[in-house]
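Asker: Single-letter residue listing:
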Amino acid sequence: MALNKKIAYIDLSTGKIETKPIPLEVRKRFLGGRGLDAYLLYNHTDKGVDPLSPKNTLLVSAGILGATLASATARTHIMAKSPLTNLLGSSNMGGFFAPELRWAGFDHLVIKGKAEKPVYLWIHNGEIEIRDASNLWGKTTTETQWAIREELNDDDVKCAVIGPAGENLVTFASVMTGIKDSAGRSGMGCIFGSKNLKAIAARGTMDIKIAYPEDALEYNRRFITQIVSSKVNQTQGTLGTPFIWGATNSWGGIRTRNFQYNQCEYADDIEPERIDEICTETMGPYHMAGCFGCQVHCRAQYKIPSGPYAGKYDEGPEYTSQGAFGGEPDCKSAVTVLTGNHLVDQYGVDNLEIGSIISWAMELYEEGILTSKDTDGLDLKFGNDEALLEMIRRICFRDGWLANTLADGGIQASEKIGKNSFGYLIHVKGMSNLHSDERATPALALGIATGSRGSDHLRSRPAIDLYHLPEEVLRKVYSNPVAYDGPLSSEHTSYVGKAWQVFWQELCYMGVDCLGICKYHTTFLGATLPNFEDWSKVLYYNTGLEMSPRDIWDVADRCYNIERLFNMREGLTRDDPKKGDTLNHRYFDEPCRRGAPDVIGAKIDRKKFKKMIDEYYEHHGWDENGVPTAETLKRLGLDKEPSHLV
Amino acid sequence: MAVEREGLSGAETLAKTRTYGKFRCHNPSCMGRFQPEPGAKRVKCPACGMEFRVHWIRPDFPRIRGPVWDVNRKIAQEALAALEAKKSAAKAAPKEEK
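Sequence order for the protein chains is A and B.
Each step along the first sequence adds one to the number in the working numbering, with nothing skipped, and position 607 is 952.
Each step along the second sequence adds one to the number in the working numbering, with nothing skipped, and position 3 is 1178.
If you're looking for bench data, these hints aren't it; they were derived computationally from the structure.
Source: prediction; values computed, not measured.
Please note: incorrect hints may appear among the correct ones.
[What the hints assert, rightly or not] Within a straight-line C-alpha distance of at most 27 Å, the following computed DSS-like cross-link-like pairs (lysine-lysine) qualify:
no., chain 1, residue 1, chain 2, residue 2
1, A, K576, A, K821
2, A, K952, B, K1262
3, B, K1266, A, K953
4, B, K1216, A, K677
5, A, K948, B, K1216
6, A, K576, B, K1197
7, B, K1197, A, K948
8, B, K1262, A, K953
9, A, K365, A, K459
10, A, K361, A, K351
11, B, K1261, A, K953
12, A, K955, B, K1262
13, A, K952, B, K1266
14, B, K1197, A, K821
15, A, K576, B, K1261
16, A, K761, A, K718
17, B, K1262, A, K948
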């Protein structure tokens, strides 16, 4: 059945591999994917462990619905203590790896230790082998995947790999699958590298028995109708995620020149429509592709049209690359965005983090905090496309003092650079912010400030807050499956009711992350997309697991609290500028200077922000310091953690 | 578990309120919903005056591509100047009271 996939415990130091079933009771408490990974991390990692030591535990998993008859269940989740933040590390990627892992017999991999030399895991039909990867070390992410397929003589092998950035222990290195699918945030590729783990390859033909196949197909038909009829997904299927950057830049919600402006003016060449033109010119009219089991097809395919990398094939760019290599460094060339996107895919590094950190360095350079001596002569000013692309390469290979410093992440770099450089770092908990500018949108500001893995738009962002939806629509969304009769506001510049929206979205996103479903299939960008009540049915028809929408909500709540417990154990405190639920002072002190008239002058109000945090903690059942109360832990059955159930 | 076979989910109910052919103004406090002429390349919000470039996903499905930059910049500069003036006035006011 769909629930009989196993956990494998792999010790790379000793070579010992043990597999175990996942008890039903554990499934009901944590489902799978990110939720069960959080439980495993908390239970299998000691307090204060050095992220790069063999004792850090690396989790790789599929969601509980992976490869079933439910739509878009492609997500692979990866978790460990983060080398970037020294807190929770967690990232998630699409593609085809997770379904293959399930077909090969496994849902969760618990990887400990460190191999003596580079290795990769070969997982196939219930078997796991540790194989030599010495010949793969140094290869790019794409080269690695093809070399493994060649070695195993099977083109259908799916791989999760690292590139040079992971090998060089860049603290924000990503794990990649396919051309562009990336578990980018929080440095999970660096953890692979620290364990000498170059890749995990999976291939399976083991069946996944669906509990009620006819019902599952029938319900999925309704699910698909909801997905493909939404305007947001129809737009994504044409322009990909870049449309989000375009729409946000239109009103003035895009970080530009690190954090100096909130709109990238006259950026026509990097707008989604222009990128779409290039995709059409280089790949033809049918250039949109999708992940496993997805109908949205938001993945653009392109070849770089000109420049030193002309003709190179890649996929994307996601809106994050437009921000990272467009707005933030103020480089307004599509070729630069497409080239930057290609480099990070091949080197295996988080586009969002590297773009942000280079833009931060550009501001430091223009402020005189960094000099040309620090940059080895590179003119690291805003708008210098060549310097941007060169810095991407240097950081991934730790080439030069500045690149080596930046590769350690913003907080550590600021300690080395000194001179108030930390004041310019746009981060939360040591992880750089997305390219969006949240000064005019308190709900979004709260979301990034409280994200469990650091600054984050994919852990709690109530993006539908930007649509000015009538209160009755908001109430319909946000009062289910748990009744909420507190205030809600259609105004996204308001602070009213936003704490509840962020809290609700947190549990919504945790829910899909446990199931393994893509966030574009839930209440992220569209109010009309499926959530808890739909998941309850999809889960039942596919797995036979009977859980009400409220039960799934409670699982999400439990899993989110486990993440919180992990972070508290690792030193998170409410107002700590390096590890707390807070924002860079510029959000409060520097008003927006571009964009729509009502965005001009916007900044976050400290008092109201503090009140939002208080409300947010209250919704979670945490005390005024953000610590889960004993009552909350008891309600969620977490009062005896670590409990070592698996 | 009793699984409902009939009836719409909350998300499906909300889907019935969708509108095609219109979009919302990107000015946050305006957000007026309006409909561009078929094939129009530029459009002005009748409520707040902001001007946008239009992209057509399909002949019946427009989206805002971005602002008309010159107009956008002019409006932004005016708003910024008004804000600065307000700030200066506020700074000056307590002194006068003394």
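Asker: Are the hints correct? Go through all of them and say.
Answerer: Consistency of the hints with the structure:
Straight-line distance between C-alpha atoms of K576 (chain A) and K821 (chain A) comes to about 19 Å, which keeps the hinted pair within the 27 Å bound. At most 27 Å may separate the alpha-carbon atoms for a hinted pair to count; K952 (chain A) and K1262 (chain B) meet this at roughly 20 Å. Distance hint between K1266 (chain B) and K953 (chain A) is fulfilled; the C-alpha atoms sit about 23 Å from each other, no more than 27 Å. Taking the CA atoms of K1216 (chain B) and K677 (chain A), the gap is about 22 Å. The hint holds against a cut of 27 Å.
Using a Cα cut-off of 27 Å, the hinted pair K948 (chain A) and K1216 (chain B) is violated, with the two alpha carbons roughly 33 Å apart. Simply put, K576 (chain A) and K1197 (chain B) have alpha-carbon atoms about 11 Å apart, close enough for the 27 Å limit, and the pair holds. Pair hint K1197 (chain B) plus K948 (chain A) does not hold up; C-alpha atoms about 30 Å apart against a cutoff of 27 Å. Restraint check: the Cα-Cα separation between K1262 (chain B) and K953 (chain A) comes to about 21 Å, which is no more than 27 Å; the hinted pair holds.
Simply put, K365 (chain A) and K459 (chain A) have alpha-carbon atoms about 22 Å apart, close enough for the 27 Å limit, and the pair holds. Under the criterion of a C-alpha separation no larger than 27 Å, the hint pairing K361 (chain A) with K351 (chain A) is consistent with the structure, at around 16 Å. Only pairs whose Cα atoms come within 27 Å are accepted, and K1261 (chain B) paired with K953 (chain A) is accepted, the gap being roughly 22 Å. The hinted pair formed by K955 (chain A) and K1262 (chain B) meets the criterion: a straight-line CA distance of about 24 Å does not exceed 27 Å.
Proximity of K952 (chain A) to K1266 (chain B) is assessed by CA-CA distance (about 21 Å); at most 27 Å being required, the pair is judged to hold. A distance of roughly 23 Å separates the Cα atoms of K1197 (chain B) and K821 (chain A); the hinted pair therefore holds under the 27 Å criterion. Between K576 (chain A) and K1261 (chain B) the CA atoms are separated by roughly 41 Å; this puts the pair beyond 27 Å, and the hint is violated. Between the alpha carbons of K761 (chain A) and K718 (chain A) the distance comes to roughly 15 Å, so the proposed pair stays at or under 27 Å and holds.
Between K1262 (chain B) and K948 (chain A) the alpha-carbon distance is near 15 Å, which keeps this suggested pair within the 27 Å criterion.
Violated hints for the displayed structure, listed by number in ascending order: 5, 7 and 15.
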